[in-house]
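Let the sequences and hints guide you as you build the complete structure.
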Amino acid sequence: MKSLSAGQPEENKGTAKPSRAFLLKLELRSHPQLLCVIRGALEPLMEMLGFSAENSREIIRAVDESVSNIMRHAYHGRLDQPIEVYCNRLERRTSAETEQGVEILLFDCGPAVDPTKLEARPLDEVRPGGLGLHIIRASMDSVEYKRAGHLNRLRLVKFTGSKKCCPESKE
Amino acid sequence: MNISSRQVDKATILDVSGNIDMSNSPAVRKALLHEIREGRAARVLVNLTAVAYIDSSGVASLIEGLKASRELGSRLVLFGLSNSAREVLKISRLLKLFEVYDDEQQAIAS
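Quick note, the sequences are listed as chains L and F, same order.
Note that the working numbering has the first sequence beginning at 1, numbered continuously upward.
Note that the working numbering has the second sequence beginning at 1, numbered continuously upward.
I should point out that these hints are in silico values taken from the structure, not numbers from a laboratory.
Each hint should be verified, as a subset may be incorrect.
Claimed, not checked - Stretches of chain F that chain L covers, calculated by requiring three or more beta carbons in the stretch to come under 8 Å of a beta carbon on chain L: (1) 4 to 17; (2) 20 to 29; (3) 34 to 42.
Stated by the list, open to error - Chain F is nowhere near these chain L residues, computed Cβ spacing over 10 Å in every case: (4) F22; (5) L35; (6) D80; (7) L90; (8) E97; (9) G110; (10) D141; (11) H150; (12) R155; (13) S162.
A virtual CB, placed ideally from N, CA and C, is assigned to each residue, including glycine.
Pasting the structure below:
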């Protein structure tokens with residue numbers, strides 16, 4: 001598969017692609033049967049980075065939903081289009097300690113996304129579909145979309161101390 | 001992923017194994033709607049004991065099944081949810097919408 005970075009304009013390379021060493025890079029085609037491969041690769045990595053089992057599931061869920069959205073919306077179900085996933089270690093200082101985190105960057109070369117369509121739908125209406133964005137936002141500390149040259153870039157960040165998910169935990 | 005069905009008492013149990021994501025959720029949807037609409041089961045119990053992961057497309061299939069069962073006056077019951085499956089229903093604020101039981105015995109007795 002041709003790397004997404006190969007066709008990227010030089011002026012965009014510094015801003016779009018990770019400029020530092022990454023822990024893991026996955027290049028895959030937009031075939032839904034590869035989703036399990038991504039999940040399988042991320043699970044031990046999140047454990048290595050010190051995430052709890054619950055936080056690890058949240059991250060894997062967010063990445064899985066993000067890649068599914070790329071396959072469905074950016075590539076409209078075409079099975080042979082390129083997707084790249086980069087994982088980097090992050091650190092942030094809190095008052096008491098240094099907290100570990102992960103930054104996950106996803107790249108595709110589908111059409112630019114209309115930012116108004118990146119809002120999750122209200123959950124008060126019970127109907128199938130449209131849950132993916134809500135799940136991504138609920139699972140991560142930060143979700144940012146950016147058009148970088150001819151690429152779509154989604155940046156997901158989560159830290160080990162995050163307790164963002166599952167607001168209805170009293171159920 | 002595998003799906004099979006069996007009858008216990010007057011309930012139809014749909015046994016699902018493997019992970020449910022966009023690669024196979026249409027098959028889950030098809031099997032579920034078949035049991036509800038064609039099988040006309042009064043109760044369809046979905047056994048998720050062997051399902052470690054469900055994505056939003058899998059959740060959407062369950063919602064479609066729930067809507068179809070309500071339209072026909074039957075019941076859709078879930079049991080054996082993994083932590084991941086329970087979490088995704090919570091995040092989607094759908095957990096309270098479904099009848100959920102820990103295991104098959106409880107689901108059948110419900």
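Taking each numbered hint in turn, which are not upheld by the structure, reported in ascending numerical order? 1, 3, 5
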